[in-house]
Amino acid sequence: MTAFLLLPTLALLARGLNASFLPTLLSPAVTDTLRVSLWTTGLSALLTVGLVTPVAFLLARFDFRGKAVLETLLDLPVVLPPVVAGLGLLLTFGRQGLLGAPLELAGLNLAFTPAAVVMAQLFTSAPFYLRAARAGFSSVDRDAEQAARVDGASGAQVFRLITWPLAFPFLLEGLVLAWARALGEFGATILFAGSLQGRTRTVTLAVYAALESDLGPALVLSAVMVCVAFTVLLVVRSLAARRG
Amino acid sequence: MKRLRRSCARVLLGALLLTGGARAATLTVFAASSLTDAFTEIGREFDRRSGNRTTFQFAGSQTLRAQLEGGARADVYASANDAQFTPLVGKIVTARQVFAGNTLSVIVPRGSARVKTLADLTRPGLRIVIAAPTVPVGEYTRRMLGAVDRAGTYGRDYSARFMKNVVSEEPSVRQVALKVQLGEADAAVVYSSDVTPALKRAVQVVALPSRFNMPAAYPVGVTVGARSGPEARAFVAFLLSADGQRTLRRWGFRPAP
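Respectively, the protein sequence lines represent chains A and B.
Start counting the first sequence at 1; every next residue gets the next number (this note's numbering).
Start counting the second sequence at 1; every next residue gets the next number (this note's numbering).
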């Protein structure tokens, strides 16, 4: 079993890390996709932190009717097949979609743009951060917050000085996982954003496209992805260890 | 116990009869995605007559070629162009026979006011979807653009302006057609045979002068490692027979060029 789990990874590294690794890595086809992947996943990570953190805090601290149903709905993208998520995005934000007409009026054409790449990543990866952040905010000792408040801290100060630092390892771990999921996103992206070099073709789409013509870039990008994935998991492990 | 054993034997016998015992073979056909509808119908008819069980894998010809080169098992390979077929002759497929032809069609969403002629395809802000260069229809599309450039009717830089409007290069012709069907692309280049009755409800065809149109040719061959060799050859023969050709014609294919 161990060999079964290890061998494919080793095969990818052995084939990818060959003599032509560096020249291929520096070729426009490969740098274009790395650039697209880096900035789209960076943006989707920023949006995740900004938009999801308040939601996670509210869900961790407040109870209301239908909360369980809402939380389940928010978790749904984790188990939805990505291509189904892509179809959902297209049927919502596409030109003929639910919000298509108002978006068109506002001059926004989302499908087949880098914005669509970010939206596909956000939709499929944000729930990973939401789960971790919710757990983080729930784990913060309420007595510590209460004590700070007794000492005269304002609500904002309590959040900034007590809640946020205590939940931070959870948030960071969730963010790293969400970022890795965004980097590997394929199904929703190809359906909603399409595949165009330098614009919407991310690393995973490029691996798929290259497999059918020139194996070189596919092998190099695969080796890069193995290294990135390994680093991500190592970071998550060390974060989890520090959290104790 | 005895009764149970007897009924078990009966079930086993039934299963054998259902699969046709030793005579029926299972046949795996790898075929270009533009052949999806025509081959599904041809396969049903072939199985009904021969008692075989034919299963298809439809994808871009370049995907199928990559899979065959990677060791995928198939009995028959039908590609939408020679570029994805000829390199396999001798190693992976035994011989090449051309069984059908096709032409290109420019499709736009039904009722579209944005695109009426080829000249409109270069209007700034238009969203065009085509296939990637390795996909056969993507190769034919680029050849068509080259022909338009050379003719000079719409300017020598027609293809450059056209490509500026391309928002996605898809992995198969059916994915290209889907984007216009969903109304998300303003125009796309597919095969004439892709404008199936199902697609016709959602799209309309923009006239493409025949001097620009690139005739596509579909080669087919039995694989070297075919497990059901005789049945695979029978399938290819059926494709070339009058009945097979009639079905292909009905799905919008042309005779082999």
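Don't read these hints as lab results, they were simulated from the structure.
Accuracy of the hints is not assured; some may be wrong.
Here are the simulated distance ranges between beta carbons [unchecked claim]:
1) A/G50 with B/G146: 23 to 33 Å
2) B/D157 with A/L34: 26 to 36 Å
3) A/V79 with B/E45: 32 to 42 Å
4) B/D157 with A/A156: 33 to 43 Å
5) A/A153 with B/M163: 54 to 64 Å
6) B/A242 with A/L10: 31 to 41 Å
7) B/G146 with A/L58: 53 to 63 Å
8) A/L47 with B/R233: 30 to 40 Å
If the Cβ cut is set under 8 Å, some of the chain B residues that face chain A in the computed set are [said to hold, decoys possible]:
9) V98
10) A132
11) N165
As the structure is a computational prediction, the values presented were derived from the model and not from experiment.
We put the beta carbon where it would ideally sit given N, CA and C, even for glycine.
Status of each hint after checking the structure:
A beta carbon spacing of about 48 Å between A/G50 and B/G146 contradicts the range 23 to 33 Å that was offered as a hint. At about 31 Å, the beta-carbon gap between B/D157 and A/L34 stays in the expected band of 26 to 36 Å. A/V79 and B/E45 have their C-beta atoms about 40 Å apart, which keeps the hinted 32 to 42 Å range intact. Between B/D157 and A/A156 the beta carbons are some 59 Å apart, a value that contradicts the proposed interval 33 to 43 Å.
For A/A153 and B/M163, the hinted distance range of 54 to 64 Å is satisfied, since their beta carbons lie about 60 Å from each other. The hinted window of 31 to 41 Å between B/A242 and A/L10 is violated, with their beta carbons roughly 54 Å apart. A hinted range of 53 to 63 Å holds for the C-beta pair B/G146 and A/L58, which are about 58 Å apart. In this structure the supplied range 30 to 40 Å is violated for A/L47 paired with B/R233, their Cβ-Cβ distance being about 57 Å.
Proximity of B/V98 to chain A is violated relative to the hint, the smallest CB-CB distance being about 22 Å (cut-off 8 Å). With a least beta-carbon distance of about 6 Å to chain A, the hint placing B/A132 at the interface is held under the 8 Å criterion. For B/N165, the shortest C-beta to C-beta distance to chain A is roughly 11 Å, which exceeds 8 Å, and the interface hint is violated.
Hints 1, 4, 6, 8, 9 and 11 from the earlier list are contradicted by this structure; the remaining hints agree with it.
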